[in-house]
Amino acid sequence: MGSSSSSRNKIPNAQELMDQTGFSSAHLLRLYDRFECLDRDNRGYLRQDTVDFSSFVRILAHFRPTDRNRNKEGTQQELPNSRTRKLKFAFQLYDLDRDGKISREELLQVLRAMLGLQVTEEQLQSIAERAIQEADLDKDDAISFDEFKKSLEKVDIDTKMSIGFLK
Amino acid sequence: MNLVFIRQAGTLLFICMILILLHGSRGEIPSKPIAATILPSVKPDGGVQAYPEDQKNNLPMFTMNYPRIQIPFEITLWVLLASFAKIGFHVYHKITIWVPESCLLISIGLIVGAIMHSVHEEPPAVLTSNVFFLYMLPLIVLESGYFMPTRPFFENVGTVLWFAVVGTLWNSIGIGISLFAICQIPAFGVQDINLQENLLFSAIISAVDPVAVLNVFEDVSVNEQLYIVVFGECLFNDAVTVVLYNMFSFVAEMPVVEPVDVFIGVARFFIVGLGGMAFGILFGFVAAFTTRFTSKVREIEPLFVFMYSYLAYLVAELFAISSIMAIITCALTMKYYVEENVSQRSCTTIRHVIKMLASISETLIFFFLGVVTITTDHEWNWGYILFTLLFAFVWRGLGILVLTQIINPFRTIPFNMKDQFGLAYGGLRGAVSFALAFTLPDTIGRKQLFVTATIAVILFTVFLQGISIRPLIEFINVRRTNRNLETINVEIHGRLMEHTIAGIEDLCGQWSRFYWKDKFMKFNNRILRKILIRDSRAESSIVALYKKLELQNAMEILDTASGDISAAPSIVSLYEEKKSSSKPQKKFLAADLKNMHDILSKNMYKIRERTVAYRGKHALPNDNHTREILIRRHVSIRRSLRPGSFQSSSYVPRTHKYFSLPAGKSLESTFPAARRSYADDHETLSEVAYPSQRSRFGKPARSSSSKAMIPLRRLGTLEEVPSTDVLNEDSSSTEQGVFRTNSSYSDSHVPRPRRLNSSFDNNNGSADDLRNVHEEPSSPPPGWAAEPRDNTARNPLLRRPQWTPKRK
Numbered sequence: 011m012g013s014s015s016s017s018r019n020k021i022p023n024a025q026e027l028m029d030q031t032g033f034s035s036a037h038l039l040r041l042y043d044r045f046e047c048l049d050r051d052n053r054g055y056l057r058q059d060t061v062d063f064s065s066f067v068r069i070l071a072h073f074r075p076t077d078r079n080r081n082k083e084g085t086q087q088e089l090p091n092s093r094t095r096k097l098k099f100a101f102q103l104y105d106l107d108r109d110g111k112i113s114r115e116e117l118l119q120v121l122r123a124m125l126g127l128q129v130t131e132e133q134l135q136s137i138a139e140r141a142i143q144e145a146d147l148d149k150d151d152a153i154s155f156d157e158f159k160k161s162l163e164k165v166d167i168d169t170k171m172s173i174g175f176l177k
Numbered sequence: 160m161n162l163v164f165i166r167q168a169g170t171l172l173f174i175c176m177i178l179i180l181l182h183g184s185r186g187e188i189p190s191k192p193i194a195a196t197i198l199p200s201v202k203p204d205g206g207v208q209a210y211p212e213d214q215k216n217n218l219p220m221f222t223m224n225y226p227r228i229q230i231p232f233e234i235t236l237w238v239l240l241a242s243f244a245k246i247g248f249h250v251y252h253k254i255t256i257w258v259p260e261s262c263l264l265i266s267i268g269l270i271v272g273a274i275m276h277s278v279h280e281e282p283p284a285v286l287t288s289n290v291f292f293l294y295m296l297p298l299i300v301l302e303s304g305y306f307m308p309t310r311p312f313f314e315n316v317g318t319v320l321w322f323a324v325v326g327t328l329w330n331s332i333g334i335g336i337s338l339f340a341i342c343q344i345p346a347f348g349v350q351d352i353n354l355q356e357n358l359l360f361s362a363i364i365s366a367v368d369p370v371a372v373l374n375v376f377e378d379v380s381v382n383e384q385l386y387i388v389v390f391g392e393c394l395f396n397d398a399v400t401v402v403l404y405n406m407f408s409f410v411a412e413m414p415v416v417e418p419v420d421v422f423i424g425v426a427r428f429f430i431v432g433l434g435g436m437a438f439g440i441l442f443g444f445v446a447a448f449t450t451r452f453t454s455k456v457r458e459i460e461p462l463f464v465f466m467y468s469y470l471a472y473l474v475a476e477l478f479a480i481s482s483i484m485a486i487i488t489c490a491l492t493m494k495y496y497v498e499e500n501v502s503q504r505s506c507t508t509i510r511h512v513i514k515m516l517a518s519i520s521e522t523l524i525f526f527f528l529g530v531v532t533i534t535t536d537h538e539w540n541w542g543y544i545l546f547t548l549l550f551a552f553v554w555r556g557l558g559i560l561v562l563t564q565i566i567n568p569f570r571t572i573p574f575n576m577k578d579q580f581g582l583a584y585g586g587l588r589g590a591v592s593f594a595l596a597f598t599l600p601d602t603i604g605r606k607q608l609f610v611t612a613t614i615a616v617i618l619f620t621v622f623l624q625g626i627s628i629r630p631l632i633e634f635i636n637v638r639r640t641n642r643n644l645e646t647i648n649v650e651i652h653g654r655l656m657e658h659t660i661a662g663i664e665d666l667c668g669q670w671s672r673f674y675w676k677d678k679f680m681k682f683n684n685r686i687l688r689k690i691l692i693r694d695s696r697a698e699s700s701i702v703a704l705y706k707k708l709e710l711q712n713a714m715e716i717l718d719t720a721s722g723d724i725s726a727a728p729s730i731v732s733l734y735e736e737k738k739s740s741s742k743p744q745k746k747f748l749a750a751d752l753k754n755m756h757d758i759l760s761k762n763m764y765k766i767r768e769r770t771v772a773y774r775g776k777h778a779l780p781n782d783n784h785t786r787e788i789l790i791r792r793h794v795s796i797r798r799s800l801r802p803g804s805f806q807s808s809s810y811v812p813r814t815h816k817y818f819s820l821p822a823g824k825s826l827e828s829t830f831p832a833a834r835r836s837y838a839d840d841h842e843t844l845s846e847v848a849y850p851s852q853r854s855r856f857g858k859p860a861r862s863s864s865s866k867a868m869i870p871l872r873r874l875g876t877l878e879e880v881p882s883t884d885v886l887n888e889d890s891s892s893t894e895q896g897v898f899r900t901n902s903s904y905s906d907s908h909v910p911r912p913r914r915l916n917s918s919f920d921n922n923n924g925s926a927d928d929l930r931n932v933h934e935e936p937s938s939p940p941p942g943w944a945a946e947p948r949d950n951t952a953r954n955p956l957l958r959r960p961q962w963t964p965k966r967k
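Sequences listed follow chains A and B, in order. Be aware that the first sequence starts at 11, since it is given in the numbering used here, and climbs by one per residue. Be aware that the second sequence starts at 160, since it is given in the numbering used here, and climbs by one per residue.
Simulated from the structure, these hints should not be mistaken for lab results. Some clues are possibly wrong.
[Stated by the list, open to error] Covered stretches of chain A, going by a simulated chain B footprint (3 or more residues, C-beta under 8 Å):
1. 25 to 38
2. 119 to 125
3. 154 to 164
[Stated by the list, open to error] A few chain B positions that, by computed beta-carbon distances, are all more than 10 Å from chain A:
4. 239
5. 256
6. 657
7. 686
[Claimed, not checked] Straight-line C-alpha distance at most 25 Å; calculated BS3-like pairs for lysine-lysine:
8. A:98 / A:149
9. A:170 / A:149
10. B:577 / A:164
11. B:577 / A:170
12. A:170 / A:159
13. A:170 / A:98
14. B:455 / B:689
15. A:149 / A:164
16. B:689 / A:170
Please read all numbers here as calculations on a predicted model, not as lab measurements. C-beta atoms are modelled at their ideal positions from N, C-alpha and C, and glycine is treated no differently.
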């Protein structure tokens, strides 16, 4: 894992990635090694050509722990590991059709995937119903991103959505 | 008025007991009926002759033989006395809020000791160090280990061990050396205490016992991290102290200490600690394995838990390795598997008995502390003792400060100053120090001084810090848990995030807390559970249990007002009644909500194990889940009995609506319900089998994608359960017919072997596919409220053997 500059040259757009994601160059190198390790056929893409290295890094950048001392310039919003971006990531896990709202069915899908088999459909429906009730402020029977954010305002997202060693 | 009467009666009883004890400890055989005033119902008629004098050879009408029963009698009386004291405290409720129970017990002990002293009695000789270490301490530690909240513990295990091991070392060495420095000052007259003895003494008083503190933390709902660190630290700190004590006492008797000995000491330390753990795990597994076969001998199942833990303790003592570690790890390992193997009743029994024994043990210890304080000969030395107090306090504070600074960067939730204060201030000394002090070998010249100093430190910390910690904690407003503020949303999203994190960590492929946990869980599921957990159960036991519960439930329904039961409509039934997306806002009752939380927390996939909320050290875990789930289920049964709500007629003939299969049909495939584990200390009956016939009812009028009713992960595991006929036979009455096997959702619609792995990308992909694939003919909506849920204990009849989870 030598961090010679020649290795860094292997990574396309290294500087750009570093700026956008906030990773240090050492980290970037480590991630690149990992990427190569996962990319067994050496195709430069993971998972049937959908994820290349920069997407890989960008997604992982969401999981960096937030910096404690933020500079209030407002540039924080752009870093992928800001709270809003993390929440957006989680939101997108639900919102499969990308319409900006979590509908009841999407919620149910995720619930089903998460819950074991012991839960009956009725219980699931009740739970989903309750979840929507709690979060849905404009009564459109779906959870928009702002409602999602609001429902999680008390939760320490940084702890939940961070991986310590990515710092 | 009632209260006053109780108290008067109590005090009277109390005094009687004391008199009995006093009398008893004298050990005489009362030959005269003076004893009649105390001892029960002696009618001194003319024939009272304890000793027939001459060769009269009359059959004595009344004899007494006290020495025979003396020891058990006295033990019983002491235990009763301590328990009465406990009852007494709670009669006047408010006092326990401000004064921790240990203080009260010590005070009572002091009083009794004073009484005994004034009549020149000796305390019963039963309290030797052997009794303490072999009988009392294991019980306390077993209870701590058994009821330890595992998830927070394992998340914080590094911190806990750090504080326990390094912290104790820091404390003992620090205090020892400072005391040695003090000893050099001639003014205090303690120059004869050498370094080894000082170290020994300091090891004794660094044993922390935060019973009182934990109670306060619990009442104040302090944040989970702090709680678990204090809890864990206390536990392991005991182990470390005992080890240190043994080491130092050995060293103290040696005239000269060489560097080699120090190294050996360190090595021994590790051997002792790790050896203890190894023994514990070994015995835990053996216990789990044994309980696999105890289905026929239910009455003695609790016995195994106790015997094996005790065995672990004793064997560890045999080899002079850390018995506390052994018993803790034994309890931890054992609990998870045993609670699955063992019947419901045995489970309850085990818990009750452990709590009871531990409670008594602790009570007795504090009580005796009070008694012994008065009755031993003390050697008081102002300088030494005061400095001991000072150093104990200072070094603990310093230690916490320094250690926290070092370990905070490694924690995801660092400790702030208030937490640190709580930690430092919560370092009360207690039982273990007390016992260790008494075990000091007599070769140490100043043994009495040490004993006195230890007692002084204990009393000081327990009284002063114990009483003041509550207002202080509330004052500085330590971070609290927001236990009741979690909404359903938070719980769901939180869990989703945890899954995501686990997946991403897999991607990154590096060590992290989830990584090891997942690895272990895989290992657990694949190998350990197969060996250690009983696989199948006799059908009759499940059906019998179910019958019993039904009966219980029915009786409850008769008893309780109908408010709770019938007023909780199932939301799903509402779907039937309207076809548009506008629907009435349903109000969720508190019971419903709680139910939901329970369902979520119990059923979501175990990236994390949810723990049950702490309810204080001496309270049993919550028992109400069984009731609630049963009640809810009963609602559904009732609902289904209403003629209007049941609309899915075409597949299930009405008479068979409780049965798992429509008559004449066999299952194409089933969804065996997974086995639930008891990892959460819940007393519920675990298995809620998946409702069947779901897919046949097509989609609700709203949208198509909701038809993906299967958890997407499981699609690869559809298999048939051929023996569902057995189910039909068993469910002979409508009351019982709730074994719902799961029919195929996929049927012809979803391609069957769909391999999914845990990342959510797949969910996205397959959700799309599923959506495309679904074109079911219109059929009755899934609002089939007649879903009596199946709450069989652990294993639904037949699933497990056939279910092979295939992931990835």
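Hints, one by one, checked against the model:
1. 25 to 38: Coverage by chain B is violated for the segment 25 to 38 of chain A (0 residues, Cβ < 8 Å).
2. 119 to 125: holds (count 7)
3. 154 to 164: Coverage by chain B holds for the segment 154 to 164 of chain A (4 residues, Cβ < 8 Å).
4. 239: holds, 46 Å
5. 256: Non-interface label stands for residue 256 of chain B: nearest chain A Cβ at 29 Å, farther than 10 Å.
6. 657: For residue 657 of chain B, whose nearest Cβ neighbour in chain A is about 7 Å away, the distance does not exceed 10 Å, so it is violated.
7. 686: holds, 21 Å
8. A:98 / A:149: holds, 21 Å
9. A:170 / A:149: Between residue 170 of chain A and residue 149 of chain A the Cα gap is close to 28 Å, so the pair fails against 25 Å, i.e. violated.
10. B:577 / A:164: holds, 21 Å
11. B:577 / A:170: Between residue 577 of chain B and residue 170 of chain A the Cα gap is close to 23 Å, so the pair holds against 25 Å.
12. A:170 / A:159: holds, 14 Å
13. A:170 / A:98: holds, 14 Å
14. B:455 / B:689: holds, 20 Å
15. A:149 / A:164: holds, 22 Å
16. B:689 / A:170: violated, 33 Å
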